[in-house]
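A.B. asks: Residue numbers (the working numbering), protein chains in the order written: chain C, 162 to 458; chain R, -8 to 347.
Keep in mind that the hints were calculated from the coordinates and are not lab data.
Predicted, not measured: the structure shown is a model, and the values here were computed from it.
Mixed in with the good hints, there may be bad ones.
When the alpha-carbon atoms are kept at most 25 Å apart in a straight line, the in silico SDA-like pairs for lysine to any residue are as follows [unchecked claim]:
| id | chain 1 | residue 1 | chain 2 | residue 2 |
| --- | --- | --- | --- | --- |
| 1 | R | K215 | C | P254 |
| 2 | C | K445 | R | N212 |
| 3 | R | K337 | R | L279 |
| 4 | R | K337 | R | I113 |
| 5 | C | K323 | C | T302 |
| 6 | R | K215 | C | T218 |
| 7 | C | K445 | R | L121 |
| 8 | C | K445 | R | K337 |
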Amino acid sequence: MTFQLLLQLTINGLIIGTLYGVVGMCFVLIYKASQVVNFAQGEFLLIGAWTCWWLLTYWQIPFFWGFLVSLAFMMLFGLALQIVVLRPLIGEPVISVIMVTIGLSIFFQALMKWMFGTFAQPFPPIFSVQKVDVFGLQVQTAYLMSTGVSLAIMAGFAWFFKYSRMGLAMRATAFNQQVAQSLGISVRQVFALSWGISAAVSAVAGVVVGIVNGVSSALSFFGIKVFPAVILGGLDSVLGAVVGGLIIGLLENLAHYVDSQFLKWGNLYEIVPFYVLIIILMIKPYGLFGTRDIERV
Amino acid sequence: MAMDTLRPCGDFRSSYGADQTIFTTRLTLAFLIGGIALLALAPLFLSNYFLSLLIQIGYLGIAALGLNILVGFSGQISIGHAVFYGFGGFASVFLAEHGVPVPIAIVLAGLWTTAVGLLFGIPAARVKGLYLAIATLAAQFILQDFFVRAEWFTGGTHGAIAPPFEIFGYDMSGDQRYFYVVLVFVVVMYLFATNLMRTRDGRALIAVRDHYLSAEMMGVNLTKYRTMAFGISSFYAGIGGALYAHYIGYMSVEGLDILFSIQFLAMIIIGGLGSVMGSLLGTIFMVLLPEMTGALASALQGSAIDKALHLKDGITYMREMLIGAVIILFLIFEPDGLAHRWRQIKAYWKLYPFSY
Chain C
162 MTFQLLLQLT INGLIIGTLY GVVGMCFVLI YKASQVVNFA QGEFLLIGAW
212 TCWWLLTYWQ IPFFWGFLVS LAFMMLFGLA LQIVVLRPLI GEPVISVIMV
262 TIGLSIFFQA LMKWMFGTFA QPFPPIFSVQ KVDVFGLQVQ TAYLMSTGVS
312 LAIMAGFAWF FKYSRMGLAM RATAFNQQVA QSLGISVRQV FALSWGISAA
362 VSAVAGVVVG IVNGVSSALS FFGIKVFPAV ILGGLDSVLG AVVGGLIIGL
412 LENLAHYVDS QFLKWGNLYE IVPFYVLIII LMIKPYGLFG TRDIERV
Chain R
-8 MAMDTLRPCG DFRSSYGADQ TIFTTRLTLA FLIGGIALLA LAPLFLSNYF
42 LSLLIQIGYL GIAALGLNIL VGFSGQISIG HAVFYGFGGF ASVFLAEHGV
92 PVPIAIVLAG LWTTAVGLLF GIPAARVKGL YLAIATLAAQ FILQDFFVRA
142 EWFTGGTHGA IAPPFEIFGY DMSGDQRYFY VVLVFVVVMY LFATNLMRTR
192 DGRALIAVRD HYLSAEMMGV NLTKYRTMAF GISSFYAGIG GALYAHYIGY
242 MSVEGLDILF SIQFLAMIII GGLGSVMGSL LGTIFMVLLP EMTGALASAL
292 QGSAIDKALH LKDGITYMRE MLIGAVIILF LIFEPDGLAH RWRQIKAYWK
342 LYPFSY
């Protein structure tokens, strides 16, 4: 029984881990392209999920179309946010930029609570089968879908950055803004688009989690949980974000296992990633794949 | 002409001492003393509601000043100030329960919080900027979790009863009396911070903020001053929290969440980063903001706006949204905060008929 539990938790960890990885990638995308640490990443999940939920329940739109419309909306939302709020702050100190994203996070979290209430709202059933049997383990269909979607997104990111024109422009901007600009890349466009893509992709993760757990303001906690993942992987590495997400997801669930079987402290898995975070910052602040800042005085 | 009543237009200071003095003219000193005297008379004619607001501004102002020393003066962002504030409260209650007189317990709680702050400031020796911000974010969650777990220290989820403030056997609880306790602490802590910025250590902190590479080249020990800023800031937070605990008479984990930490950040951004007076201005703003929204909502009760937006249910969310909105608006339109506004007003009156 305990082995079964361990296996189940490992699978859960991997599934949650891929979701952390996706959100982490979105976070890194914004950080790489525009050097903004986005504390409002979790709100992208939240707003996306609520939008989709609202379209599905109030307007009775089929899931597929509702999903697409909410993605399009989030794309525009991300673009608008960058243009209206973040653009005036280009060149301001790090503290101001961080604070603005924190302000955004509070603002939208409260707005969503005001509009939709504090209770978790379930999505209307989307799959005819709720659970699927995989190697004798019960896995929720939505989770299977989420893993599929996450992997697709990751592959999409890889393709986008390697082959598409805009993706190359983004990488060039991340490498050196001035050189990119002198080569004719519109840095403003790149900044805005990176926010748009990040918001839309985060919304996918938001909808997936919403389908499984119901939509509530707890979703925005993903935005904070993503910090251990991206710090572990290295703040400016897309691959690192994925690996970090998987490790944190697994670690959380293993901590849950150890806690429930041996320690019985309760609630340990919520807090373990933050201890890990502190330890990483102490011994290897640039993470597994991040670039080191070398300074000599 | 070290102490004139009014200063003529332009700068006539000819020594370093004259440049560094807190009170440039006798008038400013007189204003300060007069202001404090006026405040000391406040309990005679203010109602308990306004007194409680003033007390709130007092203890939150002390904690906000601590955060401003860390963020505004030494340039390190902290997103976990609320837990240090909370730690101070719990520590003071814990000490008072173990027989330490309350006034001493408050100071000791400040020192204890300093030790904890230094512990979480260790990453500051290695990382900076946004990495540090994330480390303090972790501190926020770890300590919050610790408060729930450590029942011997905090009373767990139930909280702890704080004994009232007594000095020489004289009970100082109740708005009218406690006001003086807070006033004394505010004056001492603000004078200390103002003076700190005139010392070698204070200047070193500012040098670390402005250009840490140059500061290190000039012989400023970065590690020492970064951790020191954490220590001082935690001391202020601890004192503020302890004053709060003995005012309310009860200390619990509730409300020490990340939103509260962000409120502290909002206070110093609104007031002005790197300004001692700004910390107080920002605190006044942030304490009055929810009161104002409350007043506005009850004024609008029954009107069309109320019906459309369900103001009564939404008031807590509206307050949270306002916190976020004022942070964003101030950072975009007035990044130097209210303190800057105040300086502009002063400059305007100094040069009054001739603005240039």
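A.B. asks: Of all the hints given earlier, name the ones this structure violates by number, lowest first.
C.D. replies: 4, 5, 6, 8
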